[in-house]
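Trainee: For the record, the sequence lines run as chains U and E. Under my numbering, think of the first position of the first sequence as 1, with each following residue one higher. Under my numbering, think of the first position of the second sequence as 1, with each following residue one higher.
These aren't lab readings, by the way, just hints derived from the structure by calculation. Since we're looking at a predicted model, the values are computed, not measured. Backbone N, C-alpha and C fix where the C-beta goes; we use that ideal spot for every residue, glycine too.
Each pair of labels, with its calculated beta carbon distance range:
(1) Ser19/E <-> Ile158/U: 36 to 42 Å
(2) Arg107/U <-> Ala192/E: 27 to 33 Å
(3) Trp5/U <-> Ala78/E: 48 to 54 Å
(4) Leu129/U <-> Tyr66/E: 27 to 33 Å
(5) Gly12/E <-> Tyr157/U: 37 to 43 Å
(6) Leu26/E <-> Tyr210/U: 51 to 57 Å
(7) Trp202/U <-> Leu176/E: 43 to 49 Å
(8) Leu14/E <-> Ser65/U: 41 to 47 Å
Here are some of the chain E residues that sit facing chain U, going by a computed Cβ distance under 8 Å:
(9) Ile134
(10) Gln137
(11) Leu144
(12) Ile147
(13) Met148
(14) Pro151
(15) Ile152
(16) Leu154
(17) Pro155
(18) Leu189
(19) Leu193
(20) Leu197
(21) Phe200
(22) Leu201
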Amino acid sequence: MAKHWWKALAVIILVYVIIAGFTVEIPIIGTNGQSSRGLFFHVPMWICMYTMFTISVINSVLYLSKYDLRRDAYASSAASVGVFYGILGFATGTLWATYTWGGSFTRDPKQMLTAVALMIYMAYLVLRLSIPDIDKRARISAVFNIFAFALLIPLTYIIPRMVDSLHPGSATTPGFASSDTDNHMKWVLYPAFIGWTLLSVWIYTLLVRYKKLELKNIFK
Amino acid sequence: MLELRQKYAFYGILLYIISTVFVINLMIDKPEEKIWNALFWVVQLFVAVNAIAKSFVQENRGRLLYFYSLVHPRSFIAAKLIYNIILMSVMTLITMGCCMMFLGNPVTSFWYFLGVILLGGISLSLLFTMLAAIAAQANQNAALMAIMGFPIMLPLLMLLSNIAKSSFITVYQPGLPKMFLMMGSMDVLIIALSLVLFPFLWKD
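Whole structure, please, built from the sequences with the hints as guidance.
Mentor: Structure follows, in structure tokens:
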């Protein structure tokens with residue numbers, strides 16, 4: 001039981017975030033209106049996605065240095081959870097955009113490039129399915145994973161900051177800073193980061209356990 | 001290497017370029033600048049897929065094994081990269097020639113355009129060489145190449161067509177040097193990654 005305290009913590013925090021996220025008093029600014037509440041759900045999804053992809057790429061590098069199949073299980077589970085969170089983040093983002101930017105798919109660079117990055121990771125998952133041999137699959141997908149991560153960072157993090165975008169923090173718009181965020185929002189936002197990340201790690205450990213069982217069955 | 005041994009591969013791509021451009025000519029006689037630019041890069045993309053994808057897929061296993069026993073994988077991939085760069089530059093020049101012949105010539109600043117398309121050709125060839133190496137390991141699957149390749153080269157092509165725009169009409173593009181810098185750093189990134197990662201792919 002002592003090992004599982006963080007799962008309870010995740011549930012408690014998320015219950016708090018969901019209740020507070022919809023009820024807390026937020027400043028109503030321009031077209032954003034009540035849709036600013038998307039902040040509590042949209043941004044943490046990306047934090048989770050980056051966390052998962054980072055875990056994934058670290059395990060891929062470790063796999064290539066040690067050739068331990070467990071590392072491959074870690075990397076692939078983390079990548080699939082990451083893609084799942086990426087899709088959620090994209091969905092919440094388009095929902096938010098529908099009401100504030102006046103369209104689900106505006107030609108916003110960050111939105112487009114994130115879609116591209118997600119497609120690269122989906123290609124990673126397809127690539128895994130296409131190779132039947134376990135060792136070969138692990139090796140090739142690890143190489144592609146490193147390649148994908150090296151593209152993910154410039155695509156979603158560097159380029160959108162250099163060009164004009166509707167997102168905060170691009171060339172022409174002010175970035176998200178802790179100094180100008182409303183205090184009420186901060187009290188929900190930071191727990192939201194922690195809560196969603198814990199939930200993603202939880203899903204990830206479940207997936208890892210399942211994949212390890214699969215590996216065990218193969219080697220029996 | 002490969003194209004010198006198999007002459008038909010080279011002339012096949014050559015014919016491919018000419019027929020593609022000719023089909024475009026039959027459909028829309030003389031397109032305006034923006035469409036010309038878009039069509040040019042689409043042709044360029046498919047030429048890259050066809051030319052570079054072959055560089056690993058058509059090698060047979062025995063010869064690969066022979067190379068493996070002969071040289072270090074890093075020098076092998078370096079050789080492939082250099083060769084594909086040269087091949088793709090030649091193809092780029094031919095594509096440009098064909099496009100200008102059949103589709104009219106809207107380019108106003110020729111040398112700028114030439115530089116941009118050579119840069120584009122080199123970037124595409126680098127990217128597809130690496131992807132072809134991965135795809136070749138995965139059962140020589142051509143569909144896989146498309147799945148992996150298209151999302152990755154999408155931003156690259158967008159960037160290139162944006163840069164190339166300046167050679168048709170004088171437009172004000174504030175981020176132009178930055179875009180060049182980005183292309184260059186992307187190329188360097190791909191070269192570094194392929195040099196580091198290829199030895200792992202090669203261990204069969």
